[in-house]
Amino acid sequence: MKKLNRKTLRTLHVIGKYGRWTVGIALALFLTWRIYQVLFVQQAFTPDTWLRFALSGLILGGMYALIAIGYTLVYGIMFMINFAHGEVMMIGAFCCYFIFEILRFIPAPIAGNPELVFLNAHPILSILIAFLVGMTVSGFSGYFLEKIAYRPLRHAPRLILLITAIGASIFLQNAAMLLFGPQRKNIVNPEILDRTAGWTIQVAGKPVLISYTGAFSLILSAVLMIGLYLLVQKTKLGRSMRAVAQDQDSAALMGVDVNRVVSQTFIISGILAGAAGVMWGIHMGLVNHITGSLPGIKAFTAAVLGGVGNIPGAMLGGMSLGVIESIGPALLGIDFQLKDVIAFLTLIIVLIIRPSGILGEKLTEEKL
Amino acid sequence: MKKANLISGFTSGLVTGIILVFLFLIGFIETGAGLLSKLFGDPVATNTLPKLGYVVLFLALLAVWSGASTAKKIHPERFSQIISPVLINGAVLGLVTALLALIFGNYVKAGVDVRNYLVAVSPASIKMLMLNMAEPAQAALALLGLMTAATFLGALIYFVWNRRLSVGVKRTVSSKLGTVRQSQLVDLIRRPIARYIALGGAVVLFIFLPRVWGSYWNYVMGTVGIYILLGIGLNIITGWTGQLVIGYVSFFGIGAYTFALLTAPDPHGIMMNFWLALLIAVAVSALVGFLIGLPILNLRGDYLAIVTLGFAEIVRILLKSDLLTAFTGGPRGIRDIGGPTLFGMDINSDVNFIYLIFLMVFLIAFIANRLQRSRTGRGWEAIREDQTVAKATGINTFSSKLLALTLSAAVAGLAGVLFASRNQFTGPEDHILLVSINVICLMIVGGVGNIPGIIIGALALKGLPEILREVSNFRMLAFGALLVMMMLIRPEGFLPARRPNMKNPADQDPQEKAEEGV
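Here the protein sequences line up with chains X and H, keeping their order.
Take 225 as the starting number for the first sequence in this note's numbering and just add one per residue.
Take 816 as the starting number for the second sequence in this note's numbering and just add one per residue.
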């Protein structure tokens, strides 16, 4: 009886090992068939619609990428999933709301328009203030989060750190709800960044709107990502961050102040999440206490998709997740309600077929 | 040294000040004063504010705590040492409070309603903060005085308590308690007969209590029981085998939905027998756990956590979506789920149901307990401690982990069945990610790897909030804060699991031996 049992288990092990490829190939065949159906047989959408989906996906992907970098940086250094990271992004979005609200009530009358307010008189300055405040406050939140909740647990098991992060996330979410109320708040943009305005291009005889807010978010996230990449690759801070990520103890022996580097990592990831939050506010226009939770989980998914601990991976993962999420339902011809299902299914499939993520290096079994 | 003291006074004042501002902005000062008022046997009527005295008392208590904590940090020998730090502490705290009153007082005076932005700050609560005074400046001065004095008082209380009373009393009490604990109490508890008596007492209690304490308590304790089941189940894979599962709720949801679809009249009308449907639902959950584990479990690290997290979200969204509405009832959920029957009799009154839940808890706890001590269970614990070593000693880590995940999913399915059947309703909102986060938390709070710990954790996390209904708005906030604090102060949980002693007794220090009381 016992021997038979062992044999069965052994078979299971083999199935687990090779089943991965079977599942992968079967899935790829199915997807190809389905996409062929939608694209060439049903011809459900015209090219302009596809372009619209792709654009909204890229814009969303830019924000996911910024948040995902924060997850990846922290995971690379501390091997923890910083569950409260989405809430840091929510703080950024709230900053955007409050700054715009304040500036909306500061009068800046000029001749010919006595009713003009600061927000519309100096729109670029207003947006700059919103970003500065949002990024500063989020950076500080990241710093204090680490200092209060995570630093005392530096050498604790990972499970404990995870629970702490979950606790911090619940706390921040509910604090925001109690402070500002549960209803969603409309963010009023400066007039030049009206959400319905933009450039119109003609695709196959039909107009496609590229909204100013979308273009603005996409360009800004690209700039921030390039900036971060340079910071990590070229500066001394970046070098010490990479050193700590590789081996904390050796880095400490080489004279790197580990605590300081961890703090700086949290500040940087907070700043990026804050920027993503302000962008979210400007582009989406709605904020409440749960604004951060779903983008947070998605961005974490994106980080894993690209290869956790890998910064270009997080960028690629974020972008591709955004695009998959917005094109996927149309491409497979299913309901748009299920876009989150597609996002998470992609994650699971990638993990099953290539556990180290798209750009992650081939890990040894020890590290997996 | 002295400068450091002053700085610590300043920080303490600032931190307490920030806490006070936060409490005011979320509207907790009203609630806190109301609780104090209730404590003194003077409950506040709904929609009225507590009396002024209680507000003052609440603010003063905060300041007393601040002063005492500053004094504690300094370890004073003479009282003069703590005067200036505490005064700074009080002054900073007072200034913050005064500033708060000044700012919001002027808003009220100008007739501005800030509730558009800060929902909890009503004009009445600002008036209350201003101690019912008309002028903001006057109120600010009064608050400054009050907070400084109360902080000072706090430091004084700490100093006196610490110096005069505690030294002698503490020592005698602790030494007496120590001897008792060492000699008799431990022996008494460790004897098997004590365990049987405790078990018997518990059984008698569980038979009588549900008949006495009414349907509300039956409902609460039923929820606690279901969470105990979930905790024991998750403990198999996370506590013993060491593989984190975040999306545990998906197995719970699959169990509940399978059972509901099999017994409810609405979407399919199968109306199966309770016990048969229970078995099928548990089997389906176990199968899903098995299928998820198959490709994932020969990887290490957090992959299982991430995959189950994604899977839980997928399950929830699918249950809610239009795609499956015809099959699962969609967002409206499933109604009229069947209750348990015994020999053709319905036994779904709330008293009978709680018996069923307790019975299942006993059964599963017993099985889990036996499993832990079995060869398999020891294998799991070896995997948790070190996978490579476990492999080297001949444990098939993959199949062990797969078995653990399957069993754990089966227990979650059982909990889901009981949950759906008791509520006679289940919908997508019953299976959100928060449920599994709650389960992880109760396991951690109670003590990982320990069944009594899980029971205590479930009581603390699901029972306590039901009791604290007055502060229901602040429940989740306090939950998050407590979770963080718990991890910082006592990460091993209330009742940590006893780790096997790896040391060779011959090598042990004689003193250590004596301390362990062997």
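You may find that some hints are simply not true.
To be verified - To be clear about the criterion: a stretch of chain H counts as covered by chain X if any three or more of its residues have a C-beta under 8 Å from a C-beta of chain X, and this derived list gives those stretches:
hint : stretch
1    : 920 to 934
2    : 1014 to 1024
3    : 1138 to 1150
4    : 1184 to 1193
5    : 1248 to 1262
Claimed, not checked - Here are the simulated BS3-like cross-link-like pairs (lysine-lysine), alpha carbons at most 27 Å apart as the crow flies:
hint : chain 1 : residue 1 : chain 2 : residue 2
6    : X       : K371      : X       : K460
7    : X       : K371      : H       : K942
8    : H       : K818      : H       : K924
9    : X       : K409      : X       : K231
10   : H       : K942      : H       : K924
11   : H       : K866      : X       : K371
12   : H       : K924      : H       : K817
13   : H       : K818      : H       : K866
14   : X       : K371      : H       : K853
15   : H       : K888      : H       : K817
16   : H       : K817      : H       : K866
17   : H       : K853      : H       : K866
18   : H       : K924      : H       : K853
19   : H       : K817      : X       : K371
20   : H       : K1206     : X       : K231
What the hints assert, rightly or not - Per label pair, the in silico range of CB-to-CB distance:
hint : chain 1 : residue 1 : chain 2 : residue 2 : range
21   : H       : F825      : X       : I577      : 43 to 51 Å
22   : X       : Q407      : H       : F825      : 49 to 57 Å
23   : H       : V1204     : X       : Q407      : 34 to 42 Å
24   : H       : W1028     : X       : Q407      : 33 to 41 Å
25   : H       : G960      : X       : I334      : 25 to 33 Å
26   : X       : K460      : H       : T826      : 29 to 37 Å
27   : X       : L455      : H       : A964      : 21 to 29 Å
28   : X       : Y367      : H       : L1279     : 40 to 48 Å
29   : X       : V247      : H       : D1165     : 24 to 32 Å
In case anyone wonders, no lab produced these hints; they're calculated from the structure.
The C-beta atom is built at its ideal place from N, Cα and C for all residues, glycine as well.
Status of each hint after checking the structure:
1. 920 to 934: holds (count 3)
2. 1014 to 1024: Contact hint for the stretch 1014 to 1024 of chain H vs chain X: violated, 0 residues under 8 Å.
3. 1138 to 1150: violated (count 1)
4. 1184 to 1193: With 0 residues close enough to chain X, the hint is violated.
5. 1248 to 1262: The restraint on the stretch 1248 to 1262 of chain H holds, since 4 of its residues have a Cβ under 8 Å from chain X and three suffice.
6. X:K371 / X:K460: Distance ~22 Å between X:K371 and X:K460 Cα, so the pair holds.
7. X:K371 / H:K942: violated (36 Å)
8. H:K818 / H:K924: Since the Cα atoms of H:K818 and H:K924 sit roughly 41 Å apart, the hinted pair is violated (cutoff 27 Å).
9. X:K409 / X:K231: violated (60 Å)
10. H:K942 / H:K924: holds (10 Å)
11. H:K866 / X:K371: violated (39 Å)
12. H:K924 / H:K817: Given that 27 Å is the threshold and the Cα spacing comes to 43 Å, the pair is violated.
13. H:K818 / H:K866: violated (41 Å)
14. X:K371 / H:K853: violated (37 Å)
15. H:K888 / H:K817: Answer holds: H:K888 to H:K817 is near 13 Å, not above 27 Å.
16. H:K817 / H:K866: Not OK: H:K817 and H:K866 at ~41 Å, beyond 27 Å, violated.
17. H:K853 / H:K866: holds (11 Å)
18. H:K924 / H:K853: With Cα atoms ~31 Å apart, H:K924 and H:K853 exceed 27 Å; violated.
19. H:K817 / X:K371: holds (25 Å)
20. H:K1206 / X:K231: holds (17 Å)
21. H:F825 / X:I577: 43 to 51 Å: violated (57 Å)
22. X:Q407 / H:F825: 49 to 57 Å: The hinted range 49 to 57 Å is violated for X:Q407 and H:F825, with Cβ atoms some 38 Å apart.
23. H:V1204 / X:Q407: 34 to 42 Å: violated (55 Å)
24. H:W1028 / X:Q407: 33 to 41 Å: 38 Å Cβ-Cβ, so the 33 to 41 Å window holds.
25. H:G960 / X:I334: 25 to 33 Å: At 48 Å between Cβs, range violated.
26. X:K460 / H:T826: 29 to 37 Å: At 31 Å between Cβs, range holds.
27. X:L455 / H:A964: 21 to 29 Å: violated (50 Å)
28. X:Y367 / H:L1279: 40 to 48 Å: violated (32 Å)
29. X:V247 / H:D1165: 24 to 32 Å: The hint (24 to 32 Å, Cβ to Cβ) is violated, given that X:V247 and H:D1165 are roughly 45 Å apart.
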